[in-house]
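K.L.:
Residues 84 to 434, numbered by the working numbering, are exactly what the sequence shown covers, in order.
Don't read these hints as lab results, they were simulated from the structure.
Distance windows between CB atoms, simulated: (1) VAL268 with ALA434: 36 to 42 Å; (2) GLY136 with ARG287: 25 to 31 Å; (3) ARG432 with VAL335: 23 to 29 Å; (4) VAL133 with ARG259: 27 to 33 Å; (5) VAL335 with ARG259: 24 to 30 Å; (6) GLU375 with GLU160: 49 to 55 Å; (7) ALA258 with LEU384: 43 to 49 Å; (8) GLU357 with GLY273: 28 to 34 Å; (9) HIS134 with ALA258: 31 to 37 Å; (10) TRP379 with GLU160: 53 to 59 Å; (11) ALA368 with THR403: 18 to 24 Å; (12) ASP265 with GLU160: 23 to 29 Å; (13) GLY136 with ALA338: 18 to 24 Å.
We treat Cβ as the ideally placed atom computed from N, Cα and C, and that holds for glycine.
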Amino acid sequence: MPAVAARPVPSPTRMPSVMRPAQAAPAASQAASLSFAMRQGYARLGRMDVHPGEVLQIDTMLAGVPGMTGAHLIRAEHPALLDCGTQTSAATVHDALTEAGLGPDDLAWLVLTHVHLDHCGAVGDLARAFPSATVVVHPRGARHLVDPSRLVAGTHALFGRLSPAIGGLAPIDEARVLEAEDGQVIPLGGGRSLRAVWAPGHARHHMALFEESEGILFAGDAVGVQMGGGEMYPSIPPPEYDLDAGLASLDVLEALAPERMYVSHFGAVDDPRESLDLGRRAQAAMGQAAREAHAWAPGDLGRLRRAVDEAWSPDEALRTPEALTRWTLFNWLDNNLLGLQVMVEREARDA
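Taking the hints into account, I'd like the entire structure generated from these sequences.
P.N.:
Written as structure tokens, this is what we have:
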């Protein structure tokens, strides 16, 4: 796949304001269970961590809670922001980019691993604030950026009263959206580039990004989630989770032999190979348990829950108070079970 060129820089234009919503009360009250000491320590560290390879990890502060969701800026001749958080995080991410020295015409790429609102919700606001940036997304996700109404409605139906903490998605001009094919090369300049690697499973429109020169894999949600020092644990949301596709994607990502890896929830992993193997074993065990539970008792969510917990316990993922708070804030474990239930019911219909 040939490389694509960065969008030409337009004439200087006034930077529009970025949405700065008030925090939703339900999310804020749940987030308050984080310790005051942790909050103070985080405040001293700031929102950004600088990593080798000119990678800046930005904490999007989802629902006002640190360590939930990350965005990553690659500082290069043509800078790229990978994922951007919810719409309610747009101001936080914008401020971090400004602190990193980016003006309104300096950001070349807004790259999305997939179009779940915790990853893409801020992209419309940021696209207005950085009018030179091209928005890069999997072809299956592009239409949801141009007309986000269905995506927003479905997300709000899933999260209910927590929806105000997520926000919506400002629509994007179709002319600014680049649909990335598998293997698409996104030039960063100075001999650096990103390669789009389709990685379905978590969602059909999911892709990872591989920075070739440094061997850095930005895995999105394909491998799993680790928050608060806990072990990697799968992210299996409804309605599109596909076990077989997810396992195949992990094989593709492992073949890249990444030297470093980042997951969106949250941050750098200690050992990419070990994390990829753990993600594969966990998804396989949980998916097989869900299939067997459904075969014995279709529609019995309680049986499915017990089978999945016995197959792969979440205890190691939730071993710290911070991890427990982050996992429970948006009911991630229940959403995983719902994702598995939807998958096995879909497989039964298609059999």
